[in-house]
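Sequences are here, hints too, so could you generate the full structure?
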Amino acid sequence: MVDAQASLLVVRVGGELYGMYLTDVREMVATPASTPVPGTPGCVRGLINLRGTIIPLLDLRLRMGMPSLAQEVASLTGLLRQREGDHIRWVEDLRGSVRENRLFTGTLDPHGCGFGRWYDVFHTDDLILSLQLRRFGEPHERIHEVGAQVVDLVRGDCLAEARDIVERRAVRELARLSALFAEVRATLQERHDEVSVILEGKRRFALAVDAVIGVENVVRVEPYEGQEPGISGIGTSSRDGSFILVTSVDGLLSIPAASCG
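Take the sequence shown: its position 5, counting from 1, is numbered 25 in our numbering, and each next residue is one higher.
Note that these hints are calculated values from the structure, not bench results.
C-beta: ideal position from N, C-alpha, C; glycine also.
It cannot be assumed that every hint is accurate.
[Said to hold, decoys possible] Cβ-Cβ distance ranges computed for the label pairs, FRET-style:
id : residue 1 : residue 2 : range
1  : Ala50     : Asn121    : 51 to 61 Å
2  : Thr55     : Gly271    : 22 to 32 Å
3  : Asp177    : Asp146    : 42 to 52 Å
4  : Arg224    : Ile108    : 48 to 58 Å
5  : Phe142    : Glu210    : 18 to 28 Å
6  : Ser150    : Gly98     : 13 to 23 Å
7  : Val232    : Glu165    : 42 to 52 Å
8  : Glu112    : Pro56     : 38 to 48 Å
9  : Asp260    : Val141    : 16 to 26 Å
10 : Ala50     : Leu123    : 47 to 57 Å
11 : Arg224    : Glu165    : 25 to 35 Å
12 : Gly35     : Asp177    : 45 to 55 Å
Spelled out as structure tokens, the structure:
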């Protein structure tokens with residue numbers, strides 16, 4: 021069946037857009053605390069109390085086989101701590117190469133270090149996080165440029181000048197990077213605010229999502245040909261032509277035994 025046009029509540033989960041028919045949506049709330057229920061699938065977080073009514077809370081990320089938002093935030097936070105630690109050790113090794121008059125073996129290419137390789141390919145739809153990450157570009161490039169200068173000076177036996185550059189410039193750029201790493205980690209924690217959409221089909225339940233985009237008209241909804249019972253169709257946005265996975269409110273509750281942990 022093809023719907024020529026439909027109005028959907030569009031939400032974001034990870035890098036995907038999902039739509040729910042407005043006739044299935046009752047309200048939206050900040051995701052409340054839930055009480056786990058033993059023996060339920062992993063994507064069912066538990067039960068919540070919605071103004072005296074007890075309903076189940078599903079995590080759409082886990083329902084669709086993605087890591088939870090908390091897991092994703094923890095993973096990215098941990099990665100940023102590791103990459104900051106890499107540069108702290110990098111500067112210490114650079115300082116040691118001058119002190120001991122030895123060859124520095126650290127990566128001089130800013131695109132070749134662990135952070136640089138990740139930075140060049142990482143993408144986020146979070147505008148604030150994206151703007152923060154852009155600020156890494158200059159200090160990260162400069163710290164590696166300093167490393168190349170120091171290597172050349174050590175090779176030329178200009179140890180005093182090399183030492184001065186390490187202490188004056190490399191340490192300064194490292195401090196700038198460390199401040200940015202701390203700022204991004206704080207942003208990740210502060211913006212870990214889910215929204216739950218209250219849906220009602222055969223029964224009422226809450227669905228935890230990353231963010232609500234808004235109500236959007238789709239020009240048509242084509243039938244979904246996959247095997248996932250939680251998805252009923254694929255819509256095309258009338259605004260920008262993007263694809264929206266249209267959920268089946270009852271299908272979301274039809275959780276296969278092998279799904280979501």
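Okay, the hints, checked on the actual structure:
1. Ala50 - Asn121: 51 to 61 Å: Cβ of Ala50 to Cβ of Asn121: about 59 Å, so the range 51 to 61 Å holds.
2. Thr55 - Gly271: 22 to 32 Å: Since the Cβ atoms of Thr55 and Gly271 sit about 25 Å apart, the hinted range of 22 to 32 Å holds.
3. Asp177 - Asp146: 42 to 52 Å: With a Cβ separation near 49 Å, Asp177 and Asp146 satisfy 42 to 52 Å, so the hint holds.
4. Arg224 - Ile108: 48 to 58 Å: Cβ of Arg224 to Cβ of Ile108: about 51 Å, so the range 48 to 58 Å holds.
5. Phe142 - Glu210: 18 to 28 Å: holds, 19 Å
6. Ser150 - Gly98: 13 to 23 Å: Once the Cβ atoms are compared, 20 Å apart, the range 13 to 23 Å for Gly98 and Ser150 holds.
7. Val232 - Glu165: 42 to 52 Å: This hint holds: roughly 43 Å between Cβ atoms.
8. Glu112 - Pro56: 38 to 48 Å: holds, 45 Å
9. Asp260 - Val141: 16 to 26 Å: Because 24 Å falls inside the window, the suggested range holds.
10. Ala50 - Leu123: 47 to 57 Å: Given range 47 to 57 Å: holds, Cβ gap about 55 Å.
11. Arg224 - Glu165: 25 to 35 Å: violated, 59 Å
12. Gly35 - Asp177: 45 to 55 Å: holds, 52 Å
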